[in-house]
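Undergrad: Start counting at 1 in the sequence shown, then tack on 2, and there's your number in the numbering used here.
Simulated pairs of lysine-lysine, DSS-like, Cα-Cα distance not exceeding 27 Å:
#, residue 1, residue 2
1, 406, 321
2, 52, 361
3, 159, 343
4, 279, 317
5, 279, 406
6, 70, 52
7, 321, 308
8, 318, 71
9, 321, 71
10, 374, 318
11, 314, 71
12, 144, 47
13, 374, 361
14, 308, 318
15, 321, 70
16, 268, 314
17, 318, 406
18, 73, 318
19, 317, 70
20, 317, 71
21, 52, 343
22, 47, 374
23, 52, 374
24, 73, 52
25, 144, 52
26, 406, 268
Per label pair, the in silico range of CB-to-CB distance:
#, residue 1, residue 2, range
27, 420, 174, 53 to 61 Å
28, 346, 289, 48 to 56 Å
29, 193, 305, 43 to 51 Å
30, 77, 138, 28 to 36 Å
31, 302, 182, 46 to 54 Å
32, 414, 71, 43 to 51 Å
33, 307, 263, 35 to 43 Å
34, 305, 263, 32 to 40 Å
35, 313, 74, 30 to 38 Å
36, 406, 307, 24 to 32 Å
37, 144, 193, 39 to 47 Å
38, 26, 218, 22 to 30 Å
39, 193, 92, 46 to 54 Å
40, 387, 71, 28 to 36 Å
Just so you know, these hints were derived from the structure itself, not from any lab. The structure presented is a predicted model; accordingly, all values stated were derived computationally and were not measured. From the three backbone atoms N, C-alpha and C, an ideal C-beta is built for every residue, glycine too.
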Amino acid sequence: CDSELRGPFQVDDVTNEADPELTAVQTFFDQTNVLITGATGFLGKVLVAKLLRACPTIGTLYLLVRPKKGKNPDERLDEMFQDAPFAPLTTARPKFRHKVIGVVFHVAATVRFDETLQLATAINVRSVRDILRLARAMPRLKALLHVSTIYANCVHKSIEERVYPPALDGEQLIQITQNLPAGALERITPDLLGDYPNTYTLTKQVGEGVVLAESTGMPVAIFRPAIAGPLELPVYNYGSTSAQPITWGDFRTASRTFGMQYPTIKCAWYYSFHMYKHYALYYLASLLFHVIPALIVDVLLLCVGKAPRLLKAYKKIHKFTAVMSYFATQEWSIESTAIEKQQLAMSPQDRRLFFCDLKLLDWPEFFQSYCKGIRLYLLLDPLETLPAAQAHLDRLYYAHQVLKGVALWALIWIVWRLLPF
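Using the sequences provided together with the hints, build the complete structure.
TA: Listed below in structure tokens is the structure:
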């Protein structure tokens, strides 16, 4: 890990090929070729970096990468390897790219909750079937890990480590989405969804059913991160609800504390995080603190000859909030017995190299790294600008207070005008 973000559970995991003894996990990957789908996505990128950093004798990584936004696969990989997780490898093992099939990680998925059913099925269902059939032809297959999600089973309030009966037959869903016209498919989508809130959760759940149907006799497992017992198909739930629960109140406190500690010069407005029990209050706050200020700013931008942008940005924010509300306003009990048993079976060295015990997770420390990492690696705002960023935040604070005063005055004035005094 980057030295600026190192903590008790963020270890130096760049190991050396000359190390005299490999751990059990490293031995499993020793000279093993690995196929990874979705390698350029967030989880896939972290997985590739972790394998290259912590498993020095791993074989060849085969990454399925498609052209995107005018860039060919090689250009996209070059861009990916410039990211922070790969930085330690450039000095420790400068030829690490040469490693780029005995193990398959199927990470590829569409994570857009409002995706069309046709595309969501193609990516989250059909690709699962195709990868499993491809893997069945691999004579030296050691393992195939399908990455699903806890919320594939969101219609169940208690989520066990097993494959639930699929809501729809995977093969039938593939045929429906391939053969029906787009308009007809859009009309029947609500009926196909049933109790599922969106196409993402439905197709991920159907995808798990495809894994169960297609994996007979294969070394296959399902991993469900939360955003196995001795079963024929092992399922590993991974979430913090039982091991290290966190509430929205905890999240708000931690993100505010460390967000203020590491403000960015690029912030557009002062930090504000409010939660409402009633939709009416939420919509009123959105109108007063999002829509009206955005409208004022966009009008001012037009007056100076610039393109309006704030209303468009808030439209995206409100759309994202709407699709996330189903998950953010409910609670699930997540069984995680299998992953805990695997952790107990790991050697101390593997527990250090592949830290995954959520019971040892320190949330304040996590959020400190989280806020600092966003500043450094997503906003590309170096720590040298902290003094200027703090001054910028102070100015935004006073502007925020003025805006709240104006909004309150406007609300009182409207009520005064409407009520018959």
